[in-house]
Amino acid sequence: MEHKLSFKEYNEALKQNKLLGLKCKQCGTVTVPPRIACSECTSTDLDVTELSGKGKVQTFTTVFVVPEGRESECPYVIVIVELDEGPWLMGNLTGIDPKAVTMDIMGKRVKMGHAVFPGDKYSAGDEARPLFSLEG
Amino acid sequence: MRKVAVVGVGMTKFSGKQDKTAVELFAEAAMDAINESNLKPKDIQALFMGNALGDFAEGQAQPQAFAADYIGASNIPANKYENACASSSAAFRDAFMWVASGFYDIVMAGGAETAAKMGTPLATRTFAMASDSRYEFPSGITFPGVFALITHLYAKKYGIPLEKLKHQMALVSVNSHYYGARNPKAQFQKEITVDDVLKGFMVCQPLQLYDCCPFSDGGSAVILASEEKAKKLTNKPVYVVGVGQASAGNLLSQKEYLPRLRSRELAAEQAYKMAGLSPKDIDVIELHDCFSTATIVALDSLGFFEYGKSGEAVEKGETKLGGKIPVNPSGGLKSKGHPIGATGTAQIYEIVKQLRGECGERQVEGAKTGMTDTLGGDGGTLCNIILKRGW
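Just so you know, the protein sequences line up as chains A and B, in that order.
The opening residue of the first sequence carries number 1 in my numbering; numbering runs sequentially from there.
The opening residue of the second sequence carries number 1 in my numbering; numbering runs sequentially from there.
Wrong hints could be hidden among the right ones.
Here are the simulated BS3-like cross-link-like pairs (lysine-lysine), alpha carbons at most 25 Å apart as the crow flies [what the hints assert, rightly or not]:
1) K25/A x K8/A
2) K108/A x K56/A
3) K111/A x K17/B
4) K157/B x K111/A
5) K13/B x K3/B
6) K15/A x K121/A
7) K255/B x K54/A
8) K56/A x K42/B
9) K108/A x K157/B
10) K108/A x K255/B
11) K108/A x K320/B
12) K25/A x K368/B
13) K309/B x K18/A
14) K56/A x K157/B
15) K320/B x K164/B
16) K309/B x K54/A
17) K3/B x K157/B
18) K368/B x K273/B
Quick look at which bits of chain B chain A covers, simulated, 3 or more residues with Cβ under 8 Å [stated by the list, open to error]:
19) 39-46
20) 137-144
21) 333-345
Distance windows between CB atoms, simulated [what the hints assert, rightly or not]:
22) Y257/B x D45/A: 21 to 27 Å
23) G317/B x G95/A: 53 to 59 Å
24) M1/A x D19/B: 26 to 32 Å
To be clear, the hints were calculated from the coordinates, so they are not data collected in a lab.
Glycine included, C-beta positions come from ideal geometry on N, C-alpha and C.
The following block holds chain A by itself, in its conformation from the complex:
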């Protein structure tokens, strides 16, 4: 069975600052990151859709002990954002001092840009991720 939206297609779009997801033609749920079946009803009757990349911070952490190869990024903030279309997405938060982030960030509105992890000897190539910043 063919993928409606593969990792490669999702990744290439994100590198162009476009966030692609899947809208279910049966139940209307938006699925992102992509899966082969709707995250709600498991239908495979899906359309590729472009998402706003806007939403609210659900939770965060600032990472001080980093994986091998990520030393130059330390410290960095990871956020999980609930997109306006419903799904949760993981990314980094920029435009703020990582050491100054507190739980007050939770619930704040953010918009999406992107950054690319160039990959390391263990990964299967480069991988983009959302780079969020506070709205307004």
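Add chain B to chain A, keeping to what the hints say.
Structure of chain B alone, referenced to chain A:
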């Protein structure tokens, strides 16, 4: 389905970096388990071994084949289980099912890991491989990072001020070290204070050093036998009365449940139902305290306390010996250590020793029924096992 018992257990001392390979560590534990079971290596019909990161730590894939040969159980079927930190619990559950089905009579389950050998940067990288490499790792997620995200969600969902939650978490670590100091097999045999925890360096906000389990080297092994065989081998068979296992996708896919882990609730429900037991029937639990918050989240989901109230229960001493549910008398992952492939069957080791009354200063008096809880990844694998005295 036949009744199945654990008839022998073994584990190495858990430690930081040392010179033995995973196969050597496994073999030490395995021979202790074989000797305790009054068996010979050739009596073992199959091996189910947990090992998650041997490829990276030692350049060693399929250690289970070499382990079987090394201990003298040559040529038996040997399978490796890679379920991240829950590897040997998944191995144990499958071993149980094969014996219960009647296909085998005597099977070894266990695991080994040399995670400390990798050093912190590589270990942090390879542990993160158990998160989603496409949609989580590009953001730089780490395992403390996962539980840091969950900690903030937990504080917000249940309206617990972070400072108060951090104090409860610190008490979890203090308890772990208290018991670890009484376990000769523990990596850290040293008590700590709440102050020590709150002064530790920040790993992933809000988790500090002592909120986190260490990287560890170690091995563990147990032998499962059919009831008929078990009765001939030991007068203290420990029966496997309930097992459960469930999986989940990446953290993002768990949005409807977090900070609860759905895979735990499903696995625990299976284990309780199979055993015909409920949380109030459990006398002692070894649960997956990879991070201090993880204990609090687990106690909620396993049904020991109301959601959001497990931290208060820790404050009241209800998770200590003599409390409502003694938690991790071994010292847990935090203090005993967490050589990930060995962790699940090391939890079984502790529960079997507790049910046999062999734990000295850290003994839960009169324990008849015990439980284990092992988490792999960010909810990707969850196993629960319930064990009961057979005498």
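### Query
Is it true that the CA of K111/A sits at most 25 Å from the CA of K17/B?
violated, 44 Å
### Query
CA of K56/A to CA of K157/B, is that 25 Å or under?
holds, 15 Å
### Message
What's the verdict on K320/B and K164/B, does the C-alpha distance respect the 25 Å limit or exceed it?
### Response
Answer holds: K320/B to K164/B is near 19 Å, not above 25 Å.
### Query
Checking C-beta pairs, does the segment 333-345 of chain B have three or more residues closer than 8 Å to chain A?
violated (count 0)
### Task
With a cut-off of 25 Å on the C-alpha distance, tell me whether K25/A and K368/B pass.
violated, 54 Å
### Query
Straight-line Cα separation of K3/B and K157/B no greater than 25 Å?
It is violated: about 42 Å lies between the C-alpha atoms, which goes past 25 Å.
### Query
Cβ-Cβ distance between G317/B and G95/A: within 53 to 59 Å?
violated, 45 Å
#### Entry: Straight-line alpha-carbon gap K108/A to K56/A, limit 25 Å
Judged against 25 Å, a Cα distance of about 5 Å means the pair holds.
### Query
Between K56/A and K42/B, does the CA-CA distance stay at or below 25 Å?
The hint is violated at about 60 Å.
### Query
Given the hint that K108/A pairs with K320/B, does the C-alpha gap stay at or below 25 Å?
Violated: K108/A and K320/B sit about 39 Å apart, past 25 Å.
### Message
Check whether the Cα positions of K368/B and K273/B lie no farther apart than 25 Å.
### Response
holds, 18 Å
### Message
Just to make sure I understand the rule, a stretch counts as covered if three or more of its residues have a C-beta closer than 8 Å to a C-beta of the chain. Does the segment 39-46 of chain B meet that for chain A?
### Response
violated (count 0)
In this structure, the earlier hints numbered 3, 5, 8, 11, 12, 13, 16, 17, 19, 21, 23, 24 are contradicted, and the remaining ones agree with it.
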